[in-house]
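Peer 1: This is what each chain is made of:
2 protein chains.
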Amino acid sequence: MEKQTVTIYDVAREAGVSMATVSRVVNENQNVKETTKKKVLEVIDRLDYRPNAVARGLASKRTTTVGVIIPDVTNLYFSSLARGIDDIATMYKYNIILANSDQSTNQEVKVLNNLLSKQVDGIIYMGTTITDELYDAMLRSNTPVVLAGTMDSSHEIASVNIDYKTATQEATDIIIANGHNNIAFITGTLKNTAFNDLRLQGYRAALEKAGITYNEKNVYEIPLTYKAGEHVIEKLLAADNTAAVVVDDEVAVGMVNALKDQGVSIPEDFEIITSNNSKLTQLTRPCLTSIAPPLYDIGAVSMRLLTKIMLKEEIAQNEITLPYRMEQRQSTK
Amino acid sequence: MEKQTVTIYDVAREAGVSMATVSRVVNENQNVKETTKKKVLEVIDRLDYRPNAVARGLASKRTTTVGVIIPDVTNLYFSSLARGIDDIATMYKYNIILANSDQSTNQEVKVLNNLLSKQVDGIIYMGTTITDELYDAMLRSNTPVVLAGTMDSSHEIASVNIDYKTATQEATDIIIANGHNNIAFITGTLKNTAFNDLRLQGYRAALEKAGITYNEKNVYEIPLTYKAGEHVIEKLLAADNTAAVVVDDEVAVGMVNALKDQGVSIPEDFEIITSNNSKLTQLTRPCLTSIAPPLYDIGAVSMRLLTKIMLKEEIAQNEITLPYRMEQRQSTK
DNA sequence: GTGAAAGCGCTAACAG
DNA sequence: CTGTTAGCGCTTTCAC
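Respectively, the protein sequence lines represent chains A and B. The letter at position 8 of the first sequence is residue 8 when you use UniProt numbering, and the numbering goes up by one with no holes. The letter at position 4 of the second sequence is residue 4 when you use UniProt numbering, and the numbering goes up by one with no holes.
Treat the hints as calculated values from the structure; they're not laboratory data. Everything numeric in this text was worked out from a predicted model, so none of it was measured. The beta-carbon is built from N, C-alpha and C at its ideal position, and this holds for glycine as well. Heads up, some of the hints might be wrong.
Unchecked claim - The calculated SDA-like cross-link candidates involving lysine to any residue, where the alpha carbons are at most 25 Å apart (straight line), are:
hint, chain 1, residue 1, chain 2, residue 2
1, A, K227, B, A292
2, B, K227, B, A239
3, B, K260, A, D269
4, A, K61, B, L47
5, B, K93, A, D72
6, A, K260, B, Q330
7, A, K110, B, D87
8, B, K279, A, P323
9, A, K260, B, Q328
10, A, K209, A, P323
11, A, K61, B, K93
12, B, K260, A, R329
13, B, K110, A, Q103
14, B, K110, A, K227
15, B, K279, B, A239
16, B, K279, A, Q103
17, B, K308, B, R140
18, A, K227, B, D87
19, B, K61, A, R50
20, B, K279, A, D102
Unchecked claim - With the Cβ distance kept under 7 Å, some of the chain A side facing chain B (calculated, not the full set):
hint, residue
21, M19
22, S79
23, S80
24, A82
25, N100
26, Q103
27, S117
28, L283
Go ahead and model the full structure; you've got the sequences and the hints to work with.
Peer 2: If you want it as structure tokens, here you go:
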């Protein structure tokens, strides 16, 4: 019951050629006569030969595997990106080693090193924050890295994002245009996150443009969970907020449900706009108006960009900004 | 700018020992004097040596990597399992190569072969159906396989599941107890799926026990998507169904929303019970009553079982059946 | 307790 | 167009 052990050598002997020739056939090298190629292919098929990717990786120093660091596969925002990543990876014949990081720097550094020891050809990182420690480890690794849906304030690492600031500003504009002036901004931690920071800037810019005084009290830093969304409603109501711009869909759904449970009607008495347009936005009633970043595409483009870097192709730009849409639904007027 | 090239040989030379000794230290082999071990460790740290897992894999024929075949990471049911899998894998120092299969047999076989060529030490398969073709490929591979949340009618492959039949029967019982007798059963395809088949058996058993005649027309085979859930409502209403047992949460949410949009109140005029207790069940209003399989645990236990098989440990049983709960919420009376 | 040496299965020059 | 020959970096006997 041992594992398959048909090697390139067996194929070579059986086909009466050298292993180099077999290797050429397997790697679709052009320099093989059509007849020998056919012969080799026939033997490969008959012996059910499957090239050993590990041996290949050792000899060629390319593993056709990329590491993907994800905070949590269970989060729809990230899993949507992951799906885009995997599809493009498959298209380019790469496999993906997925590793959950729980957004903990400690964990992330460990995961990164583990991925590097596996000799991945490249890495895609998803998260919200990149700490200096992680950043250094990435640079030192000399392995291509692309940040998917993640900002790097140093702008040294390749990344794919939307323009969070403008998007959030537009979202806030919509709320303002509907007559609100005591608008809550619901965000995750603002510590070290270029990400949430940009959104906050957008929120502030919109207020400023409309001549509304920015009030720190209207910025709520909470964990990005459904429960936290439910709970924050109490505070918003107490603070007489009549609308909210939310950075996370799960939080927004929690808010919608808490509001409904309290008998507050949306959008009549309270308007909400969220940021990721994940499936969830359409599963609630009312459906959520949302900034609509192209989630799948952010993943897909990240992976495509990574292939280019890995193959040392010319890349037009290091930081790609994808367009987003605004999806107007029933949580705003 | 080449990748790191500190090898075991460099460490050996620098520490004044042989590579065999370094290898022993790295692999925590006991037969090394404490002092030399310390010396080697110091050099490893100083040189920032990181063992090359690929070379290791080639030499030892163990890659400490397992393949995970998943229909779609974006599906909360499967991503919850995946999370459990990854956590336990990490605990046992395995990495995970994740591959989306879209439930297409063609794709699955391709993915399986690809995984095998990468020399994974084991495979975890998620899906609903195992076709003969896939089944054969798995057996032939001589690589340990565990099915997570997936039934294999031949009972040859190790698997972790709940008792779908009894669970569905219980769910149907609840509906029946509430006075319904024209109950719809909403399922994915029944073709080749031990999975849905068991559920159907449970549904039928409950009806029979209650003396309700089974009516084929009440079984709706639809795609397991939100949209399909929305659409099926029209038919249910036309058929005067007053309750439904649903195998998929997304479908159930679609149904709830369609019913609400039609002004049908839940649970007063229509009761629904769903099967996976994913996050979604609590994000809707009303919240969904659901069979509650321990999603994370199914993944975790699958991975644990796989480690045992890979390490050739004694396993008590090949097919593990985990307990489930019933989560009574507002979509039933 | 430690070292020498033989591979693991493949790719990649380099010849021819 | 094809074969020869070195390794890739590590584990694993087998001696000592």
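Peer 1: Which hints, by number, does the structure contradict?
Peer 2: Numbers 8, 13, 14, 15, 21, 26 - these are the hints that the structure violates, sorted from lowest upward.
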